[in-house]
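*Asks:* Listed below, chain by chain, are the residues.
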Amino acid sequence: MASDLPEGGYLPRDRAWQPDALTPPYKTSVARSPQAPLISFPTSLGEETSPVFPDSIMGPLDNDLILNFAQPGESAIGPRIIVHGRVLDETGRPVPNALVECWQANAGGRYRHKNEGYIAPLDPNFGGCGRTITAEDGSYEFRTVMPGPYPWPNGPNTWRPAHIHFSLFGHGFAQRLITQMYFEGDPLIPLCAIVGALKSQAAVDALTAPLDMDRTVPMDARAYRFDMVLRGRRQTYFENRSEGL
Amino acid sequence: MNRSGTLKESPSQTAGPYVHIGCTPNLAGLAMYGGDLGAVMKTGPVQGQEITLKGTVYDGDAAALKDAMVEIWQADAAGLFNSANETRGKADPNFTGWGRSAADMQTGEFVFDTIKPGCVPFPDGRLQAPHISVWIVARGINVGLQTRLYFDDEADANATDPLLTHIADEYRVPTLLAKSEGGGVYRFDIHLQGPQETIFLDI
Ligand SMILES: [Fe+3]
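Protein sequence lines correspond, in order, to chains A and B. Going by our numbering, the first residue of the first sequence is number 16, and it counts up by one from there. Going by our numbering, the first residue of the second sequence is number 987, and it counts up by one from there.
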């Protein structure tokens, strides 16, 4: 394709893989989806840089949702789980020093938020937020309780599958991503209109964490494995010459 | 397109209405972490012109989004980024360059106390006009929206900016211009749909 623009450092987002903005079964998307096509533009310095999140900002319990909001000597109610995995980029390389933030409903499916109206009770020892920084190999880990499914007003009887929201900040502002993790075997997954925004079973599978018996803590917590992938940079050494040479 | 990726990027999902719990927990009423990330962009005396950015995200019915979260990322007054990837020099140590603002839950307004950025070169050598990268998430937005904020009082720089001059529909360019309201205040409203629909970027 002829263009007078330089190639960007980051691979363009694969829009054939990512959800469309307009997905009418998810009703809120109807009035909140841009209607004009996105304007393609290569990344440059402003998209290829990101702020520094030093390890030192992290408290020892920031990634432990069982304890980080609990009164001393108490802990959150619900099935105890470890959610862990690696943050990689599209080229398969680990992304160290990425900021990973998460939030979720409590074991009863209730969020600690003033706009939340679900009748399920709050857990006084559960806030529902966590954060961490990925290690050199891109790995991260949270300890939490299994979130409950909850009803939402997308239709007369619509329920979200159990899920954890994740926000990811890698090495470039272009990589900024928010997504959700689902749990293997949840029968609500195929019924959900937000999951339904995904375009393929492969995309659903990419957000569905399997049980990971190897990382369970006997007599304490089960584990789920969830790897996340951010946009990758071009392999400039191999890719600059595509055709005509 | 010849993609060199061996893995697929994680599919995006909406931030939903409770993004505050995870990203601005203190605003959500959870006293966590000793403060919210991105709430303060100036950690001491800064170089350059201090400004306030205000705006509201509107949907296709012209209703303000009260659950949106907006992030900005920008260079300092000298055009340098406070980033591990910045190789051209050392940025102002008192300016983080990154801000995160949840829309006010009553009015929908987001606010950033920041500075006017300097010029950053484009890879082909041209100078870009002062601008700020903007990322918007909310309930109903399946993939976070990327755009850029330029300044309406930088007409000369805007006239040669690589992105602004690349936009074929010139009548849409003003959707990327923050309007000076005087006193260092700029307004940047974001319209998701309609005749004033903001230009969003696949960047
Ligand atoms: Fe949720």
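The reader is advised that the hints may include incorrect statements.
Partial chain A-side listing against chain B, Cβ under 8 angstroms, derived [said to hold, decoys possible]: (1) S59; (2) P75; (3) D77; (4) P136; (5) L137; (6) N140; (7) R191.
Listed next, the in silico PhoX-like pairs over lysine-lysine satisfying Cα-Cα at most 25 angstroms (straight line) [as the list claims (entries may be wrong)]: (8) K1040(B) to K129(A); (9) K1040(B) to K1102(B); (10) K1165(B) to K1052(B); (11) K214(A) to K994(B); (12) K129(A) to K1052(B); (13) K1040(B) to K1052(B); (14) K1076(B) to K1165(B); (15) K1165(B) to K1028(B); (16) K1040(B) to K1028(B); (17) K42(A) to K1052(B); (18) K1102(B) to K1165(B); (19) K1076(B) to K1028(B).
Example chain B residues on the side facing chain A (calculated, C-beta under 10 angstroms, incomplete) [unchecked claim]: (20) M1018; (21) L1023; (22) F1067; (23) A1070; (24) R1125; (25) A1154; (26) K1165; (27) E1167; (28) G1168.
Derived by calculation from the structure, the hints in this document are not laboratory data. Even glycine gets a Cβ: it sits at the ideal position worked out from N, Cα and C.
*Asks:* Now, for every hint given, state plainly whether the structure supports it.
*Replies:* So, going through the hints one by one against the coordinates:
1. At its closest, the beta carbon of S59(A) sits 5 angstroms from a beta carbon of chain B; the interface hint therefore holds under the 8 angstroms criterion.
2. Below 8 angstroms, beta-carbon pairs count as interface contacts, and P75(A) has none with chain B, the closest being about 12 angstroms; its hint is therefore violated.
3. The beta carbon of D77(A) comes within 7 angstroms of a beta carbon in chain B, closer than 8 angstroms, and the hint placing it at the interface holds.
4. Because the beta carbon of P136(A) sits about 17 angstroms from the nearest beta carbon in chain B, more than 8 angstroms, this interface hint is broken.
5. With a least beta-carbon distance of about 12 angstroms to chain B, the hint placing L137(A) at the interface is violated under the 8 angstroms criterion.
6. For N140(A), the interface hint is violated, the least distance from its beta-carbon to any beta-carbon of chain B being 12 angstroms, above 8 angstroms.
7. Because the closest C-beta pair between R191(A) and chain B is about 5 angstroms apart, less than 8 angstroms, the hint holds.
8. This hinted pair checks out: K1040(B) and K129(A) have alpha carbons roughly 24 angstroms apart, not beyond 25 angstroms.
9. The suggested pairing of K1040(B) with K1102(B) holds, with an alpha-carbon distance near 14 angstroms, which does not exceed 25 angstroms.
10. Simply put, K1165(B) and K1052(B) have alpha-carbon atoms about 22 angstroms apart, close enough for the 25 angstroms limit, and the pair holds.
11. Only pairs whose Cα atoms come within 25 angstroms are accepted, and K214(A) paired with K994(B) is accepted, the gap being roughly 13 angstroms.
12. Distance restraint check for K129(A) and K1052(B): the Cα-Cα separation of roughly 13 angstroms lies within the 25 angstroms cut-off, and the hinted pair is therefore satisfied.
13. This hinted pair checks out: K1040(B) and K1052(B) have alpha carbons roughly 14 angstroms apart, not beyond 25 angstroms.
14. Proximity of K1076(B) to K1165(B) is assessed by CA-CA distance (about 30 angstroms); at most 25 angstroms being required, the pair is judged violated.
15. Between K1165(B) and K1028(B) the CA atoms are separated by roughly 22 angstroms; this keeps the pair inside 25 angstroms, and the hint holds.
16. Of the supplied pair hints, the one linking K1040(B) and K1028(B) holds, its CA atoms being roughly 17 angstroms apart against a limit of 25 angstroms.
17. Straight-line distance between C-alpha atoms of K42(A) and K1052(B) comes to about 17 angstroms, which keeps the hinted pair within the 25 angstroms bound.
18. Between K1102(B) and K1165(B) the CA atoms are separated by roughly 13 angstroms; this keeps the pair inside 25 angstroms, and the hint holds.
19. Using a Cα cut-off of 25 angstroms, the hinted pair K1076(B) and K1028(B) holds, with the two alpha carbons roughly 16 angstroms apart.
20. Annotation: M1018(B) was flagged as interfacial toward chain A, and the flag holds, the nearest CB pair being 6 angstroms apart, inside 10 angstroms.
21. Satisfaction of the interface hint for L1023(B) is found here, the shortest Cβ-Cβ separation to chain A being roughly 7 angstroms, below the 10 angstroms cut-off.
22. The interface hint given for F1067(B) is met, as the beta carbon of that residue sits about 4 angstroms from the closest beta carbon of chain A, less than 10 angstroms.
23. With 10 angstroms as the threshold, the beta carbon of A1070(B) comes within range of chain A, its nearest partner Cβ sitting at about 6 angstroms, so the hint holds.
24. Evaluation of the R1125(B) hint against chain A yields a held restraint, the C-beta minimum of about 5 angstroms falling below 10 angstroms.
25. Taking 10 angstroms as the C-beta contact cut-off toward chain A, the hint placing A1154(B) at the interface holds, the least distance being around 9 angstroms.
26. At its closest, the beta carbon of K1165(B) sits 21 angstroms from a beta carbon of chain A; the interface hint therefore is violated under the 10 angstroms criterion.
27. Using the Cβ-Cβ criterion of 10 angstroms, the hint placing E1167(B) at the interface with chain A is not satisfied: the shortest such distance is roughly 24 angstroms.
28. Among the interface hints, the one on G1168(B) is violated; its C-beta lies about 27 angstroms from the nearest C-beta in chain A, farther than the 10 angstroms criterion.
Hint compliance for this structure: hints 2, 4, 5, 6, 14, 26, 27 and 28 are not met, and every other hint is.
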